[in-house]
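Go by the hints and put chain W with the ligand onto chain B.
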Amino acid sequence: MTDQPIQNCGKCGLCLSVCPVYQVLKQEQASPRARLQLIKAFEKKDLSASPLLKDLVSRCLMCGACKVACPSGINHYAKFMEMRRKMAKSQPDPPAIRSLVYLLAKEYRLRMGAGLARIGRRLTPGALEKKYKIGTIPVSRFPEMNRRSFRSTLPRVAFAKDSPGGHCRDNPRGRVVYFTGCATNFLFADTGQATVNILTRLGYEVVIPDGQTCCGIPMMFHGARDQAVENMAVNLTAIQEAMRENSGNTTENAKDAAAENCDAMDKACDEAAKHCDAVIVDCTTCGAALKDEYPALMNTLDPSRNKALAHQIALAQKTTPGMPDTIAAKTRDILSFLHDHMDDLAAAMKPTTPKHKVIYHAPCHSKNSFNSLAKVLDLLKALPCFDYIPVPDEAACCGGGGTFFYEYPDISRKMMAKKLISARAAGADFWLTDCPVCRINLHGSLSEKDNLTVVHPVTLISKGLGS
Amino acid sequence: MISPDLKKQFLSIVDPTRWLDQKEQLFCYAYDAFVEESMPDAVIFPETTDEVSQILALASAHKIPVTGRGAGTSVCGAPVPLHHGLVICFSQMDRIIEINTKDRYIIVEPGVVNADVQAALAPYGFFFPPDPGSMNSSTIGGNIAQNAGGPRCLKYGVTLDYILGLEVVLASGKVITFGSKNIKDVTGYKLAALFCGSEGTLGLVTKAILKVVPLPETVKTIMATFKDLDDTAKAVTDIIGSGILPAAMELMDRLTLNAIEDKAGLGLDREAAGTLLIEVDGVAEACDKQIKQITEKLHASHAVNIQEAGSAEDRERLWTARRSAYGVFAKLAPDIISEDVTVPVSRVPEMVRRIVQIADKYKLRVGVLAHAGDGNMHPMIPADKSNAQEWERVLAAFDEIFQAAADLDGTLSGEHGIGLAKSKYLPLVMNQDTIDFMKTIKQAVDPDGILNPGKFV
Ligand SMILES: Cc1cc2nc3c(=O)[nH]c(=O)nc-3n(C[C@H](O)[C@H](O)[C@H](O)COP(=O)(O)OP(=O)(O)OC[C@H]3O[C@@H](n4cnc5c(N)ncnc54)[C@H](O)[C@@H]3O)c2cc1C
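Protein sequences appear in the order of chains B and W.
For what it's worth, this note's numbering labels the leading residue of the first sequence as 12, then goes sequentially.
For what it's worth, this note's numbering labels the leading residue of the second sequence as 3, then goes sequentially.
For the record, the hints were derived by calculation from the structure and aren't laboratory data.
Don't be surprised by glycine CBs; every beta carbon is placed ideally from N, CA and C.
Zero decoy hints are in this set.
The calculated lysine-lysine pairs, modelled on DSS-like cross-linking and capped at a C-alpha distance of 30 Å, are:
1) W:Lys387 to B:Lys51
2) B:Lys51 to W:Lys265
3) W:Lys213 to W:Lys183
4) W:Lys25 to B:Lys51
5) B:Lys51 to W:Lys9
6) B:Lys37 to W:Lys213
7) B:Lys56 to W:Lys25
8) W:Lys10 to B:Lys65
9) B:Lys56 to W:Lys9
10) W:Lys265 to B:Lys55
11) W:Lys387 to B:Lys65
12) W:Lys10 to B:Lys37
13) B:Lys425 to W:Lys25
14) W:Lys25 to B:Lys37
15) W:Lys25 to B:Lys55
16) W:Lys265 to B:Lys37
17) B:Lys65 to W:Lys25
18) W:Lys213 to W:Lys186
19) W:Lys387 to B:Lys56
20) W:Lys25 to B:Lys100
21) W:Lys25 to B:Lys97
22) W:Lys387 to B:Lys97
23) W:Lys176 to B:Lys37
24) B:Lys37 to W:Lys9
25) W:Lys65 to B:Lys37
26) W:Lys176 to W:Lys10
One side of the interface only, derived from the structure: several residues of chain B facing chain W at Cβ under 7 Å:
27) Lys22
28) Cys23
29) Ser28
30) Glu39
31) Ala45
32) Leu63
33) Ser83
So that you can see chain B by itself, here it is in the shape it has in the complex:
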């Protein structure tokens, strides 16, 4: 991973053309180039932390488009995250954001929060719901919480179903670990059910890690690195154990190994990983955490990747030093993974499968972290369940950006405005997107009059396959 010091920004200004925030505001201080210059000034102590500096650095969706485009190989993403962390103490986030981070930091808090939200929702009069907005979105257009958390409705292991190629429960095509993320678990059970159905119908055995928690990206973006590290440790451990479950290797073996030395532990982990074909995510932001941010976070804890030190950290956190890399290498977004199986999926759908008119919205991390746009479009064109209608700005940012739509509603609204026009003109029935925040934002920006349902593409693929 390239990560140059900021001095190497040649200030060429190419990033201005790909930054969705600059494109709306058209003022240099809202550009990635400017944010780098500000960070540099801060590091050289020419500027000190201030509410304005915090605002200028935070006025960013963390979409990563600048990082992908940058010819100088600058990892803007990491720089911005680090800067947010450095300013978190002296320039705290507003209370609503801090509560969110607090909530996401622990699974039990989220569970409680979700329950309370359901009750709150029932008690809120409809008129108020329509009137009040969170950021750009009327409360009435926020998704309902899942009745029960998605993971609690499923067994830990979903076995392969009878599928082409003779795969079945006892002879699976392979084994995958499915990291569900919070959104699927608490908000969008439909995505989770569809994902598991498709994977098992393809002949995969799906293991859902116990004890997984928020991927930690929201904490990282809001400067709460310590919480992010805790969540990382919890998730790595959970995924690792799920992988071992797949391999038939018991957790105890590895714990024994852990006690011995870190090489043995790494080895046990590699061994387990061999029996896992992929770690699947349905949300590319969680995916970006597993694939890019965990190894990077591990590096910041241990810049030199000094093995002994890493081992210490790892033991304390019950993960092995090589673990982030092993998991990163296995992490696949569900749509790219399904792209590998496009022919099988198409064959498994009946020619009579109803075709749904769909348009697509590409989430930033799908484009910028997983580079999946071309693959998704392939799927939408190839599978009989879709009648895909291209819209010109399908890859343009919707302005959701985690909590961006809440923090900067005016900018967010402008980003969405153009998209809404072309989406409405397309005459589709479904607006597909593979990011829960984009889904909330797209749905929230549409009104009841729009006959456009926003779902994850897997929902329709799963329907096309039947259960």
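Just chain W with the ligand, lined up with the frame of chain B:
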């Protein structure tokens, strides 16, 4: 400095969201893509000609220095407000006013980005030929003020060749318009030539009528690699010298090509000492014939490998990679200076040799990149400005490079302009009377010297 009272007056012209004067914000207007920086006292974003006129009248009355800015992609420090004062940033004055391909023109405000002009014209089957490497970010106002060029200017000419008319606000706040919607127009002085390339020192452009041309029916791109940089440069001279005129002809040396390949991973030949990227366009038959002629010449110059881009996507990938050249160089060291010396095309091989010799002499790395077909060289030297001793060598090397260009009947800049970077070299290519003549014009148009002070006039 801008007093609170004066600030109030500026704020009676624009609303407060279009006025910046906090230190954090001003930091962001102190730079372009060049190495020197200097902070303004305030930044203002006009949306109409009338606002620009009022702003300049007020600035004039108080003798506040005013520096125009588009996207800040200049590589010579042109939009850096050396004397502080006010930066007028045109990025929000960005409407396309009229597209009229029947009469072959487009009318735009200065903040429209070059690529947006191309995108607006494409559905009509037209384009605006100037294509600076920065075209996805840089503005038409900046392109005009710098008389920007780009790869395909070899065949099509530069920005000045496409200006039919301009609206310009003078330092006094007076608004002048000249030229027209007509392809031919010899009514009075050709004032476009005065303002185009003036780097914002004579007036600020608020509207432009630009000539547009039909997109060619066919475009073909080939890439040729050489074992020897000298052979590469000779091939350029050979092809152009024999009367073949491709749309574009770009030269890259090994250092440049490797820097690009590191980023783009296109499978370019890392061993090649020199590479030419050549594009022809026109009717299909003519393209085929040109490609054949060019291929013969390339073989005669010992090209080791000649490949044609298979599809439009392949072509776009090659050009995207080429456009990233400046940025990828930034990776090699904390700072980068990219120069722009230009020589008659027959002197290209000699100039390339001298650049390499000079860099060797000063123990510097140099990347040679050139819009070679029109003799426009971009020697790029990555170095560390904080290393005083090394930086001295860089400056000395550039002294010699400019001298070499002058010796070969060349000039200081083919497209990047003079800005802060090269004003001291003007005497190499201009006598004192000529420099004084420019000063006379400046004096007449901007008697208080408020427009972009500290630059080449
Ligand atoms: C990666 C890269 C590649 C480049 N490639 C090329 C290339 O191939 N060819 C080329 O010619 N240049 C190239 N450039 C240089 C630069 O992009 C051009 O000079 C461009 O025209 C500058 O446009 P801008 O909008 O960024 O203007 P700025 O940099 O903001 O300003 C440039 C000058 O224009 C003045 N100005 C801006 N707007 C106005 C206005 N409305 N009225 C009057 N004056 C104004 C400013 O005061 C300043 O003097 C490149 C730069 C980079 C970073």
